[in-house]
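**Q** All chains should be built: construct the whole structure from the sequences, respecting the hints.
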Amino acid sequence: MSGLAGRRPQASPRADRRPRSPASALFWRLFLINGLVFTFGLTILALSPATVSSPVLLTELPILAVGLAVMLTANAVLLRTSLAPLGALTALMERVDLLRSSDRIAHSGNGDLGTLIATFNAMLDRLEAERSASTAHALAAQEAERQRIARELHDEIGQSLTVVLLGLKRAVDRAPQDLREELHTVAETVRASLDEVRQVARRLRPGVLEDLGLISAMNALASDFSAVSGVPVTRLLDPRLPQVSGDTELVIYRIAQECLTNVARHARASQVELSLRAGTGAVVLHIIDDGRGGPIHEGAGVRGMRERAMLIGADLTIDSAPSTGTDVRLTIPLTPTAPIANGRK
Numbered sequence: 001m002s003g004l005a006g007r008r009p010q011a012s013p014r015a016d017r018r019p020r021s022p023a024s025a026l027f028w029r030l031f032l033i034n035g036l037v038f039t040f041g042l043t044i045l046a047l048s049p050a051t052v053s054s055p056v057l058l059t060e061l062p063i064l065a066v067g068l069a070v071m072l073t074a075n076a077v078l079l080r081t082s083l084a085p086l087g088a089l090t091a092l093m094e095r096v097d098l099l100r101s102s103d104r105i106a107h108s109g110n111g112d113l114g115t116l117i118a119t120f121n122a123m124l125d126r127l128e129a130e131r132s133a134s135t136a137h138a139l140a141a142q143e144a145e146r147q148r149i150a151r152e153l154h155d156e157i158g159q160s161l162t163v164v165l166l167g168l169k170r171a172v173d174r175a176p177q178d179l180r181e182e183l184h185t186v187a188e189t190v191r192a193s194l195d196e197v198r199q200v201a202r203r204l205r206p207g208v209l210e211d212l213g214l215i216s217a218m219n220a221l222a223s224d225f226s227a228v229s230g231v232p233v234t235r236l237l238d239p240r241l242p243q244v245s246g247d248t249e250l251v252i253y254r255i256a257q258e259c260l261t262n263v264a265r266h267a268r269a270s271q272v273e274l275s276l277r278a279g280t281g282a283v284v285l286h287i288i289d290d291g292r293g294g295p296i297h298e299g300a301g302v303r304g305m306r307e308r309a310m311l312i313g314a315d316l317t318i319d320s321a322p323s324t325g326t327d328v329r330l331t332i333p334l335t336p337t338a339p340i341a342n343g344r345k
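Those letters in the sequence shown? Residues 1 to 345, per full-length UniProt numbering, in order.
Among the hints, a few may not be true.
[Stated by the list, open to error] Straight-line Cα separation of at most 16 Å, EDC-like style, residue types lysine to aspartate or glutamate; simulated pairs:
{"id": "1", "residue 1": "Lys169", "residue 2": "Glu182"}
{"id": "2", "residue 1": "Lys169", "residue 2": "Glu188"}
{"id": "3", "residue 1": "Lys169", "residue 2": "Glu181"}
[Stated by the list, open to error] Simulated restraints on C-beta separations:
{"id": "4", "residue 1": "Ala74", "residue 2": "Thr115", "range": "21 to 27 Å"}
{"id": "5", "residue 1": "Thr261", "residue 2": "Arg180", "range": "37 to 43 Å"}
{"id": "6", "residue 1": "His137", "residue 2": "His297", "range": "24 to 30 Å"}
{"id": "7", "residue 1": "Thr81", "residue 2": "Pro333", "range": "36 to 42 Å"}
The hints are simulated quantities; they were obtained by calculation from the structure and are not laboratory data.
Fair warning: this is a prediction, and the values are worked out from it, not measured in the lab.
The beta carbon of each residue, even a glycine, is placed where N, CA and C say it ideally should be.
**A** Laid out in C-alpha cells, this is it:
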C-alpha cells in the first residue's frame, strides 16, 4: 500500500497531446490530399488492363498522359476547394477597417482553415472592443475639456468683456463729443467679440441639450448654422422620438454639428435638409445638402464621426457625388421597448 501511495498518477498520452498548430494542420491536410490522389491513381493503374513497356511505346504515351491529367485535375480541384477560404481571408485583411465593424468571414467549420478563420474573427472582435474602449475614453476626455474651456470662456473671458463693455459705455457718456463716435465704435467691436465668445462657448458645451432635450438642441444648432452661414435649413424633427441615452443624444448632436460645419466650410450649398426621425427599430439622423459634392476625404472630422457612431453601435453612411451634394445618414438601433420621449427629459 505504501508503494501504491507513493506513486504519482501518470497522465494519459491523450492529455499530454498538444493541439496542432495551423501550419502543421495545413501541412497534413495537403499531404493527405496528395496521398489520396496518388493512391487512387496507383489503384486504377494496378486494376486496369493497361500495361507500360520498358522502354515506353508510342502507343502507350496517350494512356500515361490521360492518367497524369486526371491525377493533376483531381489534385487541383481538391486543393482549390480546401484552400478557398484563404482567398476570402486575404481579401478581408486588405479591406478591414476597425471603424466599420461587423465585417467578418462566415466559416462552416472547414477543418483547420475554419479554425484559422474563427481565430481571425475573434481577433477582430478583440481589436474592435479595445478600439471602442480607447475611443470612449478619448471622447470622454475631449468632452470634459470642451466643457472646461466653455466654462472659462463664459465665466472669465465673457465676464471680462462685459466689464470692459460697461466701462466703455460710461466713458462714452462722459467723453467729449469728438471722442464719442470713436468710443462707440470700440464698444460695438467689444460687443461683437462678446457675442462670438458666447457662440463658441455654446458650440463647445451644448447647454440646451442638457436643459431642453435633443429636439430643442437640434433646432438651436440649425438656427446658429443659418445665422452664421446664411444657408437656410429645412428641419424635419420628430418631436416624439423614442427615448435614447444621454451618450446617444450627444453623439447625434456632435455628428450633426460636424456635418453642418463641413457644409459651411466646403459644400458651397444653398439649401440643407436636417431630418431626425424614428424608423423601424431605429432613430435616423439624415442630413442632405445641394452643394458641390465630390469624393469624400476622410480627415479628422469624418474619422471622428465614425468613431462616435461606433461607440453607440450606429451605422454611418456618407454618399457624395460631384454636383449632387452630400448625403449623410446615421442609423441608431433601438431596443423594442424604448419609451417615447417628448423632446425633453
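**Q** Now look at each hint and say whether the structure bears it out.
**A** Cross-check of the supplied hints:
1. About 12 Å separates the Cα atoms of lysine 169 and glutamate 182, which keeps this hinted pair within 16 Å; it holds.
2. Taken as a hint, the lysine 169 and glutamate 188 pair is honoured in the structure, with Cα atoms around 10 Å apart against an allowance of 16 Å.
3. This hinted pair checks out: lysine 169 and glutamate 181 have alpha carbons roughly 12 Å apart, not beyond 16 Å.
4. Look at alanine 74 against threonine 115: about 26 Å separates their beta carbons, and that is inside 21 to 27 Å.
5. For threonine 261 paired with arginine 180, a C-beta distance near 40 Å keeps the hint of 37 to 43 Å intact.
6. Here the CB-CB span from histidine 137 to histidine 297 is close to 27 Å, well matched to the stated 24 to 30 Å.
7. The given range of 36 to 42 Å is respected by threonine 81 and proline 333, whose C-beta atoms sit roughly 38 Å from each other.
Checked against the numbered hints given earlier, the structure satisfies every one of them.
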